[in-house]
Every structure is written in structure tokens, then in C-alpha cells.
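Heads up: the protein sequence lines correspond to chains A and B, in order. Taken in order, the first sequence gives residues 4 to 508; the numbers are from my numbering. Taken in order, the second sequence gives residues 4 to 508; the numbers are from my numbering.
Be careful, since some hints might not be right.
It does not matter which identical chain is used: a pair holds within one copy or between any two.
[Claimed, not checked] No more than 25 Å apart at the CA atoms, straight line, and that leaves these computed lysine-lysine pairs for DSS-like:
| no. | residue 1 | residue 2 |
| --- | --- | --- |
| 1 | K501 | K129 |
| 2 | K39 | K13 |
| 3 | K39 | K14 |
| 4 | K142 | K212 |
| 5 | K14 | K58 |
| 6 | K57 | K13 |
| 7 | K58 | K348 |
| 8 | K212 | K348 |
| 9 | K14 | K501 |
| 10 | K501 | K487 |
| 11 | K142 | K9 |
| 12 | K142 | K13 |
| 13 | K39 | K348 |
| 14 | K13 | K101 |
| 15 | K13 | K58 |
| 16 | K13 | K214 |
| 17 | K57 | K9 |
| 18 | K39 | K58 |
| 19 | K348 | K487 |
Keep in mind the hints are simulated off the structure, nothing from the lab. Because the structure is a prediction, the values reported are computed rather than measured.
2 protein chains.
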Amino acid sequence: MTDALKRLEKKDRELMLLEHISALLQWDYETKMPPKGLSERSQQIVLLDSLIHKKLADPELGKILDDLGAGESSPGGSADLDPVQQGMVRSYFRENRKSRLLPSSWVEEFSEVTSQAHPAWVQARKEGRFSDFRPWLEKIVRLCREKTELFGYQDHPYDPLLDEYEPGMTTAAVDRVFSQLRRELPPLAGEIIEAGRPDDSFLFQDYEKEKLEAFGTEILQDMGYDFQRGRMDESVHPFTTAVGQHDVRLTTRYTEPSAADALFSIIHEGGHGLYEQEARAGDAAGTRNGSGASQAMHESQARLWENMVGKSRAFWEHYYPRFQDLFPRQTAAVSLDEFLRGITKVAPSCIRVNADEVTYSLHVVLRFTLEKALITGDLVPADLPGAWNEQMELLVGITPPNDAQGVLQDMHWAAGMIGYFPTYALGNLYSAQLYECALADIPGMDASFRRGNFSLLRGWFNAQVYRHGASRQAPEILETASGKPLDASCFIRYLRQKYRDLLEA
Amino acid sequence: MTDALKRLEKKDRELMLLEHISALLQWDYETKMPPKGLSERSQQIVLLDSLIHKKLADPELGKILDDLGAGESSPGGSADLDPVQQGMVRSYFRENRKSRLLPSSWVEEFSEVTSQAHPAWVQARKEGRFSDFRPWLEKIVRLCREKTELFGYQDHPYDPLLDEYEPGMTTAAVDRVFSQLRRELPPLAGEIIEAGRPDDSFLFQDYEKEKLEAFGTEILQDMGYDFQRGRMDESVHPFTTAVGQHDVRLTTRYTEPSAADALFSIIHEGGHGLYEQEARAGDAAGTRNGSGASQAMHESQARLWENMVGKSRAFWEHYYPRFQDLFPRQTAAVSLDEFLRGITKVAPSCIRVNADEVTYSLHVVLRFTLEKALITGDLVPADLPGAWNEQMELLVGITPPNDAQGVLQDMHWAAGMIGYFPTYALGNLYSAQLYECALADIPGMDASFRRGNFSLLRGWFNAQVYRHGASRQAPEILETASGKPLDASCFIRYLRQKYRDLLEA
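Isolated chain A, as found in the complex (with noise of 0.2 Å):
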């Protein structure tokens, strides 16, 4: 067995390798590739990730998880093997299972469908015509219906495609959740926009790139975020990526019309850069271990910063003062309190990334409400558009003005991802729920907010999250650390209490 350990080890730290490479073709492609490098970049990128699928799929691989005892129903290898071995093991079981469960073809076609779908999807979307898009979205959900089957599952045929994305959640459980969401935000964010609609003018005007990159920069540092581990780019999306463990990016956009979206992206991909520059289980430099638990859990960490943290009334008492003296310009007539209001007024939009954090999950909640019914087949992708904005009128209160802002919003289901849109909520709840812990266990937060010090809120998260790293799934973390399982109540309570504070004030 100690034989077996060493060679998934030696397999897991190469497999580490290829992706952080694979990752930093990425990341160039997204910030610094000249145009033209785009067809080559494509071709490196498809060779290296059937390097990476070859040695998950290896038979070799499956043979060292048999000797870990690795199965169906022991995943997680030999009762042997300690928890970090464990989550080593269980991780390679999946990837190595999946791997041999789809056939080639079926990489192939996939492959091909979405290459081709992205600019198709982006032609329509340009055009605001769906039907340009619809014969590819068929494919893809044909594809995705497949692999539920090729997969298995025991439940609903989602379980499988959000597995993929969020290790050991299941529909049932974000079922229940998302009703929740469902229930009680919409009449949340229709009691906030009825107490009152902020004036946020003044983030619209002009904000110099290099003071919000400047301005940023110390927010990070002072967030933990180590820039001797890292580095900060523009890019068109703002994306966090380990091209290591000891290189974790991240960038931002300074081109949107509101420098909210800039100073909130920095924040929030800092969430994701601190937590992936952090995570770690074992001796886990360089391991599968030592990257975050998943993408939900990861979401948490950006939203806990960018929300919880980066538009509470402390977080700003300590920075509104060096930002007005950047941007006098801008806000020298701005009071705190208009400024609180202002980055965190709610008002229904079509666009789910441009959404207020009460609106938000609304979004999220319809994409996966669309995307069950597409895999069991009781929505075909002909009848998408009219079911996105029902959907969208009954959830958000309004309706597109046309299939560019409604239902081809979204790269995702160009790119075959679907399955990952229920993380961006669950993300959220994970936040409210761990940030409920941490401030019941931790007084004299906020007081050190204040003082622009973060080091009683990591130091409870590398406790309960970040020192797991990837050996244990993201439920199994959240349970540990709140005592209770998935449990979207702390979130309302958190987006009532913040709001009726800023009304207070």
C-alpha cells in the first residue's frame, strides 16, 4: 500500500504540473497572447489537456487506486489511509472513473460541438438571435443527456453534471435550498427597492485605471493575498488561476461603466487568489490537496470578500477616507453612508454578473430550474427563450428586451458547462453560512475591519476551510465547521440585517 501511495503521488504532482502549464496557457490566451497567436494557442491547449486526460484515464492509475481499495462504494480508498490520503485517493477515483466511462468518441464529439458552439454563440448572442444558436445547444444538451446516462446516477439525471462541478452535492439537496431562494428573495429585494433608491451616479463617472489598480493593490495586501505568490492583470472576464501553488493570478477590468465593478471584482477575485494560495492539506506543495475543495466552496470565498467583508460598513470606515483622497473628484460630496447605499442598491436586471447581491441568486435559481428540465427532457431548447423570461418575470420582475440580454447572456451552456451555474449560488449560501460561524466565534471582527486588519477572519477560516484544501468535499467542510448541513436561512438573515442596517443608518 505504502508502494501504491508513492506512485499516485509521483502520478498527482505530474498531473499538477500539466495542468498549472495547461493553466498558464490560459491565463496568457486571457491577458498578454498577441491576436494571432489565438489558432496555435488552441492547438497547445487541446495536446496538453489529452495528455491530462490520457494519464487520468490511464489503466495504470485504476490499477494503483485497486491496490488503495478504491470502488464504488469505498471511494475514498482503504479505512487505512488517513483523511488526507483518503481525499487524494477519492479524487482520482472520480476523475479516473469519469474517464473510462466516456468513450472517446464521446470526448471527441464534445470537443468538436463546443469548439464550434462558442462562436456560434457569440455570432447569435451579437445578433440577439437565438435560433442562430439553438441546433448547437441541441447538441449539447444531447451530449450532457448521454453522459448523465454514461455516468449513472441514482436520484435525477442532474446529480451527475453537478457532481462534476460540486464533488458530493446532489439536485435534492439544492432543490431544497434554491426553493428557499425562491420563496423569500423576491420579496426581500421587493421590500429593500420600495424602502428606497439610492443615488449611485457618482460610481459611474470617470475613475483613473492606474488609482484603482493602486487602490486595489493595498486591498489585497491587506486581505493577505500574496503578491510574491501572484500577480494582478487586466483581462476581459476577471478570472483567478494557480499556475502553481505558489503562483495564484488574478485579474480584473477597469472598462465597465462603474468603478464598483472593478474595486468589487479586485475584491472578490482576491477571495478566490488568497483562499487557492492558502489551501492546503498534508504536505500538499505542488498536490491535488493543495488547491480549494470546489467550485461552490471557491465561490464562497470570493463572495464572502467581495459582499461580507468588502461592502460592510467596517471594511469602508477604514477605506473610504484614502479612497476619497484618491477620487476626490468623485466623491467628495458622497457621504459614507450614501456610498454604503450606493455599492449595495438593489434593482432587478437582466444581466446575472451585473446583479445586486439580493437579485443575484435569482438568477442562478432560473439557470438551474432550466437547466433540470432540459436534461429530463421537459424543456427542449426550442422552448428556451419563452420559458427564460417567464421565468425571469416571475423571479426578477422583468422581462429582456431581447434574447441577447435573456437567455444568450451566458458562455456556460456554449461551453457545455451545464451543471456549474447552481455553485454560484451555493456559493453565496456557503459564505453566509461559515461568516455566521466565524462572527459568533470571533468578537471584535468588525472592530478590526476597522482598523483594515483581517487576520482574526482568515485565521478562522484557515481553521475550518483553507487547511483542508482539497482532501475533503465542500458539504463535509460546511457541515464540520457550522454543525448543521446546508442551510440557506443564514444568508436571508444576513441580507436582512445588512439592509435593515443601511436603512437605519
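We have chain A; now place chain B onto it with these hints.
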């Protein structure tokens, strides 16, 4: 045979993708990587290079080359192949042969030794103490002597080492032209220095980095370097690298004391970049034939632009007014003649990379002389510092004050690159020999430079050099273009004419 060709082309494209990925890892390491990414990055590069090495040594590749008729007496394969196909076969026959001849024990030891020798050299240079580096150099010389025996040779044991970097070149041929340099350059340098010591202090003032960058970018665009297929960044040592055939990147530095360093680095690397962007033979995108022919041919293109074009009167008649506009404080009192004499000042110095155009090649002659002696065994590493200083006195007329400015100045030997140095001076010789022909073929070249137009020059080099890509070896390209074998007289003539004109102005 068609089938074998197709299989070779497939392998060729895959290998180029891997080499371009490896180049990106290196580029990022030199330009963007945060400091603590170093250890993982080294592992990533080692992993990728081992994948490349495996593919080059693959017996299946050997079988394909057999099928194409490649062998010791016919490295380009069957006579039925066209010259471009033969070029590809020859490249891979060389690589496959070398990979097979070097036992993996040698490869591992070499990799181990050089990876430890580099930091040892850095430290020894810092302390100015050759004795600390000597044990490493002894190992490296031993390994290189083993390599030359493993590869085999007919005339001189240095031949296989030279041939690694400059295919088709022989020690005897280099001996012949370097003897002429050894005879003629020192008295020429003496004459020029005697004739006057120009004041170049204006170059050592403070030049704003942003303006130098903008000015360099304008020149690169005029040269024909395509920013849609490349980019310019900053690094400690300037270099050019192909991350794809349509993604050729260059770097410069702005930190050195003289503005000339940044400026002529940009033009030098621009010469490399332009060649790499334009080099192609046949349907060469993404193939080995779509890159430069050799190290020395590459260097010739860099030196052509840096010195022959970039330090010419016609060039600066166009650019100097713009340069003065950008840097009035530094250049207002400097006439065009004074500027030209400043940037072409000849003065003996210890450091090769800072040497002027006349003494530069003598630094290379010195290294060639010492390397040959190390490989034949006529010189042992322990005696190297003494031999170095003796040769410096003889060739350049100067004795280094310490080993850091003498024998320890370059990183090449620590990297095991014995055989590389000659290409630097061969580049000068190639460039002069080719440029002499270009000037003879094309009237009005200078007049076009005076308009900042380089299309005549590019057109000639495209026809004679670029369009062969790597399908022909450099000596063949040189001989076809100039109608004669390598001849150092062109370079000597070029220098005499240039400095005569400068002194008469």
C-alpha cells in the same frame, strides 16, 4: 513514402506545439512570474522537456526516418523528396540520432550538473572567485568531452559541439575566419581609437523608460515586426522567443546605465523577431521549417538591424529629429554627427555584451580558442583564468581586474553550452557578407532608410533567407545568396568603410 511523410509531419507539428509551450513557460519565467513560482516552474519546464526528449528519441520516429531513406550518408532522406521535405527529414534525423546516442545516464547527469552549476556560478561571480565554480566547470567539460565521443567526429572533437548550435559548420571553417579576425581586428580597433575618442556621455543621462519604449515600438513597426503576432516586454536579459509561429515575443531592459543599451537591444531583438516571424519554407506554419535556420543566421539578422542598419547615418537621418523631440534635455546640444560617433564609439572593455562593434568579435574568438583547448584537453579548467587574461591582453589589450569581469562573466558554460559562442561572431560575418550583396543588388537602399522605409531590405532578405526557413542549413543559405563560402573579409571591409565615413564626416 507519402504515408511516412504524413506521419513525420504530424509528429513535427506536435513537437513544435510542445516546444512553443516550453518557450511560453520560459518567457513567463523571465517576464511575469512572481518570485515564489520558481521551484514549480523549473519542474514544469523539466517535465515538458522530458516529454519533448522522449518524442525526439522515439524509435517510431527513427522508423519513419528509415522509411524516408534517412541515414548517416543521406541525412536528408531519399532523393525523391523535395528540398523542403529533405530539410525537415534532416532536422529530425539529427535530433533523433543525437537523442539515441546520448544514454539516459548522461542526460540525467548533465541536467543535474548544470542545474546545480548555475547557482554556483552566480555565487562565484558575486564573490569574484573562480575556484568556487571550478569543480562544476570540470564536470561540465568532462561531460562535453564524453558527448563529443558519443556523437563521434572526423576532424576535430569540437565539431559535434559546434554542429549542435550551427548545423553544417566545422571547426576548421571557423578557425579559418576567426584567424583573420584575430589578425585584422586588433590593429583596426587601435587605429580607430587613435583617431579620436568621441564623447558619448549624453547616452548615460537619465532617459525616461516610457519614451524609450514608445520610440522603440515605432522603430519595430517600421522594421516590419508585427505586433499582431508578437509583443515586447521587459526582462533582466533581452531575448526573443517563439511561443508560436504567429506569436514571436521579444524583451528588452531599461535599467542599464546607457540609453543605447535599451535602444539597440530593442532593434537587435527586433531583428531576431522579424526573422522568426517571417521564416517559412513550404506550408510551414507550426512546423520546424517555419523557424530560423540556425543560431548564427538568427544572430546575423539581429546584428544586421542593430549595427548595419540601426547604427547607420541614413537610419538616424530619419529618426534623430524624432529622438531629439522626445529627449530634448539629453540631446539638444548633440549634433547628428556627434550622436553617430557616440553610438559607435570603440573602446576596449572587459565585458562581451557591452563591447563595441569592432572588439565584440574578439571576445568571441577568445572563447572559441579556450573552448577548443578545453575539449582537446590542452587546457584544464584550473588554468582557465590565466589563459583568459592572457588572451584578453593579446586580443583586446586589457586585463580584467577580477574573475567576475573575466572568466566568470557569461552564463553559457554553467549551462553546459560549450560550442555556442562561435555563433555570435559568425552572426557578424554572415550579416556583413549578406548585406554586402544586398547593397550591391539594390540601389537606393540608403535613400529608403532615410524615409524610415525598410521594405527593400526586407524584400531582399525574404528572397534570400526568410523564405528558406529552417529547410536549408545556414552555410548553404549564405553560399547561395552571396555566391561564395563564408568570408571574413566582408565584415572587415564593412567596418573599415563605416569608421572611415564616420571619421571623415
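TODO: Quick one: which hint numbers does this structure break? Sort them smallest to largest.
DONE: Result: hints 1, 4, 7, 9, 11, 12, 13, 16, 18, 19 break, sorted rising.
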